[in-house]
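> With the hints as constraints, model all of the structure from the sequences given.
The residues making up each chain are set out below.
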Amino acid sequence: MLEPINVSLASLNIATLAPMLIAIVGALSILCIDMLKEGLHKSLYVMVSLLFLLLDLGVVIDFGNTFLKNGPVLGMFDMILMDGLAIMGQIIIVAGSMLFIPLALTSKRFHEYNYPEYFALFLFMIAGFQFMVATDNLIMIFVGLETASLALYALIALHNRSKSFEAAVKYFTMGALAAGFFAFGSMILYAITGAIEINQIASVLAADRYADIGYVLVAVSFLLAAFGFKLSMVPFHTWTPDVYEGSTAALAGYMSIVPKIAGFIVAMRLFEFLVHSGVVWLQVILYVAVVVTMTASNIWAMVQTDVKRMLAYSSISHAGFVMAAILIGTTQSNTALFLYWALFGFTNLGAFTMLWVSRQKNLLPGQSSDHAFEKFSGLIKTMPMAAIMMGLFMLSLAGIPPFGLFWGKIYVIASAVSGGYTVLALIMALNSALAAYYYLKLIVYMFMKEPIVGYEKHYLTNASLSLKTIVGIAAIGTIFAVVAVNPLLNVITLFVYNSGY
Amino acid sequence: MQEHILSILIFFPALAAMLGFIVHKDSARAYGITVAAVEFFLSLWLWYLYDPMTSGMQFMESAPLVAAFGINYIVGIDGISLFIIILATFFTMIGIASLTETRRVKDLIVTLLFLEMTMVGVFAALDAVVFYVFWELSLIPMLYIIGAWGGPLRIYASVKFFLYTFTGSLVMLVGMLFMAYFYHQATGQWSFSLLEWYRLILPLNFQLWLFAAFFVGFAIKVPMFPFHTWLPYAHGQAPTIGSVILAAILLKMGTYAFVRFSLPLFPDASVFFMFPIATLAIIMIVYTAMVAYAQEDVKQVVAYSSVSHMGVIVLGTFALNVEGISGSIFLMIAHGVVSGALFLLVGVIYDRRHTKLMSEFGGLASVMPRYATLFGIMMMASVGLPLTINFVGEFLSLLGFYKQSHGFALVAGTAIIVGAIYMLTAYKKMFFGTVTKEENKHLKDVNKTELLALVPLAVITIWLGVYPKPILEPISNSVESIVQLMHDKAQTPEAQKRIPNLGNPEVKNLQQEAH
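Taken in order, these protein sequences are the chains called A and B. According to my numbering, the first sequence holds residues 86 to 586 in order. According to my numbering, the second sequence holds residues 714 to 1228 in order.
These are computed hints drawn from the structure, not numbers from a lab. Here the structure is a predicted model, which is why all the values come from computation and not from measurement. Hints are not guaranteed to be accurate.
BS3-like mimics (lysine-lysine), calculated; alpha carbons at most 30 Å apart, straight line [stated by the list, open to error]:
1. Lys738/B <-> Lys553/A
2. Lys255/A <-> Lys122/A
3. Lys193/A <-> Lys466/A
4. Lys466/A <-> Lys873/B
5. Lys1154/B <-> Lys553/A
6. Lys466/A <-> Lys738/B
7. Lys466/A <-> Lys819/B
8. Lys154/A <-> Lys446/A
9. Lys738/B <-> Lys534/A
10. Lys1154/B <-> Lys1141/B
11. Lys534/A <-> Lys819/B
12. Lys446/A <-> Lys193/A
13. Lys553/A <-> Lys534/A
14. Lys819/B <-> Lys738/B
15. Lys1142/B <-> Lys1154/B
16. Lys534/A <-> Lys127/A
17. Lys534/A <-> Lys873/B
18. Lys1157/B <-> Lys1142/B
Right under this line is the structure:
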């Protein structure tokens, strides 16, 4: 006879589910609204999503306060873990989503925004990412990851162009492979430790002094490959540029920020104890992966002829840069990761929104792709404000002070310096110089070349008030980052340190 | 207001530049001149308020930027930076006043005003990160000036300029982060404040590596041989205003940074690298002088001669004594005045003929007598004729190095004299002989606007050549404190020997008695 399960409701701590549930309820209510009345304007759905995300953000911030007072909160049979990483990850995920969702309010009509399902999927995806970061249970991570990814594939495909189908299928195939790798890796870890919580796996492995090191290495290889796909590290990055090219600029920008931070948090939970356990092999592999990802993608980015593909490679390079923080594995470097990603979020939001603003429905004669470099020729003469904005975001991405990303960059490099990774620090610095070349290429086109006659009519046609507002927010965040860095640094350090990373 | 004068000096041009976007394009030039003139008079007022007897920092301001990481907005000046700041505001003013560019003047003026902010900021910053911010930021306006108003190869030249300097300064940034980390190790606090770094005494092998990291950043900026290859392109393609600012001010950032960072932070390493760097400096003087001789384009002659003289500045700096360093700082100002003026003069003839090839000219002295006179004065100053401004600086720099090594000073002195050859030849080709080209027969002599820019420069050239004291005295007061600091920090016997002790003689006697 099985013992009857006896669980008190209080010990479940259902409140820990609140952030994700809000997103899910939001998605369901959008579906209900559509059921009751069809053909509503997209602005309604955008605003409903925004409201639910705002609620979500509020609850997460409230958890943040509780965390600072009482430490991490566990719930649902210890499946949900609300520690500092989870809270900060969710803040970045939800706040990032809130900044990206208004990009649906374009002045041109795009197919996908007419479907309320688009917004429902968007909210489901956010819930998935939230599950993924707010747990250290490998199964929960898997479930969150897959929920989010499946929603994302559909979002890409909804753009309804042949390129976007290609992108969605490509992403799906690669994602499925990654999911397989992840499952294999987790399975092996479960087989040798009998646990699925990362902290228990760590303590069991430590207790028998990594006796099964061979199996651990196989498991880690699978997991590394899985995260390689998700975080688009070289050599698992091949899908990224195609997928970015096939999706809208708005969604591509979103993909460069939000899914990655979720991936980083899981990678941090997983690799942190492994790096510190003295598994030299892992350190070497991570080191190589970081350096190759940064450098190779920078070199590929140089030869791109399309700005969006260039930005795709650039975001791979930035991901490599941030992976270095996980390799270094000190409190300072983990703090630097969050700082970097928050600042990167603003700048990349701006850059992709500027692309989105300039999107026209059909290619102009002589234009090879949606956002070819030529399109931006002489922009300073036809649309000075747009050129200055885009130039600003490019300079920030290149790490020119005092713009946003510079502060993240020096903090990451400083953490490499104090973590004892001198050569890595130098490689990271020199990679910024490589990267400067392709960001400069766009600036050269915008500021130093002559405009192509006839293109200026098409440039800002997709702009609407809400898109301009988003660009404004991104610009303010990028220019005045220096004011925000100190408070951000203090808060992030507190969260990271108290979570034990 | 006086205690905030440096912040006003730094941010006034930037604020004016923002408002400049609103000014109508026909009035942009007048607006630019007004702003630059106000800025220049502010900097003169700074000189008036400056106490020349004090050797330390004055007008210090401090405000936390990223307190958790030890980054503060700290600015302050001493005799070393004061005159370079005045030079920067002065050149921006006369640069805008003598502007002959007609394409998109408003954008150019706004860019120049932003550039002015970064230039003043670099020389006033006393926090490494703030210094770095202005240092990097100064690249962008220059990139735009060269890339948008330059010659046919302008894009190549501007990108090359940017990437070279940017790469160098990233290595420097890593050096700075290491410096902050060592400070953190020693005190438990993060700090990027230069004055606090001065108190840190590092072991020699750390000093050597850090010196090398900073050196890469500074040497590319100077630019020292063999990192100088970006400069001829930048000068060749830049519009007149770009070359003037580049030669007069931007290059000085590198040599200034040697004095501000490398010497006091790493005294032992400075002594260790003294002769290698002196060798590079002499190669730079001789080699670029030879290259200058082979040029056919008068602007390239001026560009290479400017690099050649930067070599003397570096040599003087690495004499590591008061004469040498004071001389090199004086020479920075002198070089700014003279090479800035020479680029302006080249611009004058380029505006008239749209060519810079010397073979196109000849006999200009009879057609443009005033132009020839002004060019003559500046050329003489450039070759270091006594009683001109360059002579004082070159003489002191060499004197300083003579105290360290007779041989090196002798070679360098000879090289400078040889340098006169290419200048005189260039002058001969352009101004003497008969007028061979029909177009040259009716060229207009310098007009009032151009005189407005050139005559003050000529006056300064001669005035400071005859009577350098008002500038030299505050400079050497501040240099003395740097040299003393270096001596006190020096650990290796070699460094203690090479860097003179300027300590109060009475204190010295007491110390000897104690021993």
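> None of the hints should be skipped; say for each whether it holds.
Cross-check of the supplied hints:
Of the supplied pair hints, the one linking Lys738/B and Lys553/A holds, its CA atoms being roughly 26 Å apart against a limit of 30 Å. The straight-line distance between the Cα atoms of Lys255/A and Lys122/A is roughly 35 Å, outside the 30 Å bound, and the hint therefore fails. A threshold of 30 Å between alpha carbons decides the hint, and for Lys193/A with Lys466/A the separation of about 25 Å falls inside it, so the pair holds. Restraint check for Lys466/A and Lys873/B: satisfied, since their Cα atoms lie roughly 24 Å apart, inside the 30 Å limit.
Among the hinted pairs, Lys1154/B with Lys553/A is inconsistent with the structure: their alpha-carbon atoms are about 58 Å apart, more than 30 Å. Distance hint between Lys466/A and Lys738/B is fulfilled; the C-alpha atoms sit about 13 Å from each other, no more than 30 Å. Taking the CA atoms of Lys466/A and Lys819/B, the gap is near 12 Å; set against the 30 Å cutoff, the hint holds. For the given pair, Lys154/A sits about 52 Å from Lys446/A by alpha-carbon distance, which is inconsistent with the 30 Å threshold.
As the CA atoms of Lys738/B and Lys534/A are separated by approximately 21 Å, the hinted pair is consistent with the 30 Å bound. Of the pairs offered as hints, the one joining Lys1154/B and Lys1141/B holds, with about 17 Å between alpha carbons and a cut-off of 30 Å not exceeded. Between Lys534/A and Lys819/B the alpha-carbon distance is near 18 Å, which keeps this suggested pair within the 30 Å criterion. Restraint check: the Cα-Cα separation between Lys446/A and Lys193/A comes to about 8 Å, which is no more than 30 Å; the hinted pair holds.
Taken as a hint, the Lys553/A and Lys534/A pair is honoured in the structure, with Cα atoms around 25 Å apart against an allowance of 30 Å. A threshold of 30 Å between alpha carbons decides the hint, and for Lys819/B with Lys738/B the separation of about 5 Å falls inside it, so the pair holds. The hinted pair formed by Lys1142/B and Lys1154/B meets the criterion: a straight-line CA distance of about 16 Å does not exceed 30 Å. Taken as a hint, the Lys534/A and Lys127/A pair is broken in the structure, with Cα atoms around 38 Å apart against an allowance of 30 Å.
Of the pairs offered as hints, the one joining Lys534/A and Lys873/B holds, with about 17 Å between alpha carbons and a cut-off of 30 Å not exceeded. Proximity of Lys1157/B to Lys1142/B is assessed by CA-CA distance (about 19 Å); at most 30 Å being required, the pair is judged to hold.
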